[in-house]
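As they're listed, the protein sequences go chains P and V. According to the working numbering, the first sequence is numbered sequentially starting from 1. According to the working numbering, the second sequence is numbered sequentially starting from 1001.
Be aware that a few hints might be false.
Mimicking SDA-like on lysine to any residue, the simulated pairs with C-alpha atoms at most 20 angstroms apart in a straight line are [to be verified]: (1) Lys20(P) - Gly1043(V); (2) Lys64(P) - Ile1101(V); (3) Lys1016(V) - Met1089(V); (4) Lys66(P) - Asp88(P); (5) Lys20(P) - Glu1044(V).
Covered stretches of chain V (chain P as the covering partner; in silico rule of three or more C-beta atoms under 8 angstroms from a C-beta of chain P) [claimed, not checked]: (6) 1014-1028; (7) 1043-1050.
These stretches of chain P come out as covered by chain V in the derived footprint (C-beta under 8 angstroms, 3 or more residues) [stated by the list, open to error]: (8) 34-45; (9) 88-95.
By construction, these hints were calculated from the structure, which means they are not laboratory data. Glycine included, each C-beta is placed from N, C-alpha and C at the ideal position.
Here's the letter readout for the chains.
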Amino acid sequence: GAVVSQHPSWVICKSGTSVKIECRSLDFQATTMFWYRQFPKQSLMLMATSNEGSKATYEQGVEKDKFLINHASLTLSTLTVTSAHPEDSSFYICSADARDTSQETQYFGPGTRLLVL
Amino acid sequence: AQKITQTQPGMFVQEKEAVTLDCTYDTSDPSYGLFWYKQPSSGEMIFLIYQGSYDQQNATEGRYSLNFQKARKSANLVISASQLGDSAMYFCAMRGTGSYIPTFGRGTSLIVHP
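Please model the entire structure based on the sequences and the hints provided.
Now the structure itself:
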């Protein structure tokens, strides 16, 4: 199957700093990438949809100035958590559309655990 | 609008036994895809199996099979010969051809015991 990488896998930062998370599709081109947030024991919560070369579409309740998304190429999307606070601590996971297959399957990165102190 | 319902918050199964994880869905899209993902404690979402709404046969991938009953709007995952490594959260998801935004269920926690 298609491979999606995510970096870093773990990050601990001080409150007020910004954190950038990268999501890469390694062996396919992804015109669309998705960013999710997941709290313990809960399902995935879609934050935004990222399309290459255009502005991201944010879900209701997600602050676009807080969570900056850039999809500069067909293989890379980044999520920047600006001025992070302890309540931003969570598991962030990206996925990429493998829409050149018949299944239109989403393939996920391994996720990033963010801890803001 | 799309909706996925997983009614089993937790399931227990003995090693080597088969287990069925339930998933029902609702959509107004005439064409859609159904997916199952496994999420172990590491957090990674692992794609398991896909079923297209117009596929004539139920999907199978190794020990995983999808029991697709279109009239009942159900897409249950069957894991045969459970292994200890199958212990994880399992998420059912769907995506209509009219919307590329996927919808996930709340997940089922599966524990396989020796």
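Could you grab the alpha-carbon distance between Lys66(P) and Asp88(P) and see if it respects the 20 angstroms cut-off? holds, 10 angstroms
Hint check: Lys20(P) vs Gly1043(V), CA-CA at most 20 angstroms. Holds or violated? Distance ~19 angstroms between Lys20(P) and Gly1043(V) Cα, so the pair holds.
Quiz item: Taking 20 angstroms as the top limit, are the C-alpha atoms of Lys1016(V) and Met1089(V) close enough?
Solution: With a Cα-Cα distance of about 18 angstroms, the restraint between Lys1016(V) and Met1089(V) holds, given a limit of 20 angstroms.
**Asked** Are the Cα positions of Lys20(P) and Glu1044(V) separated by 20 angstroms at most?
**Response** Holds, at about 19 angstroms.
| query | Within the stretch 34-45 of chain P, is the number of residues with a Cβ closer than 8 angstroms to a Cβ of chain V three or more? | reply | holds (count 5)
**Prompt:** Taking a Cβ-Cβ distance under 8 angstroms as contact, does the stretch 1043-1050 of chain V have three or more residues in contact with chain P?
**Reply:** Holds, because 6 residues of the stretch 1043-1050 of chain V bring their Cβ atoms closer than 8 angstroms to Cβ atoms of chain P.
So is the stretch 1014-1028 of chain V in contact with chain P by the C-beta rule, three or more residues under 8 angstroms, or is the coverage claim wrong?
This one is violated; 0 residues, fewer than the three required, reach chain P with a Cβ under 8 angstroms.
*asked:* So if I understand the rule, the pair passes when the alpha-carbon distance is 20 angstroms or less; does Lys64(P) with Ile1101(V) pass?
replied: holds, 18 angstroms
Is the coverage entry for the stretch 88-95 of chain P by chain V consistent with the three-residue Cβ rule at 8 angstroms?
holds (count 3)
Violated hints amount to a single one, hint 6; each of the other numbered hints is respected by the structure.
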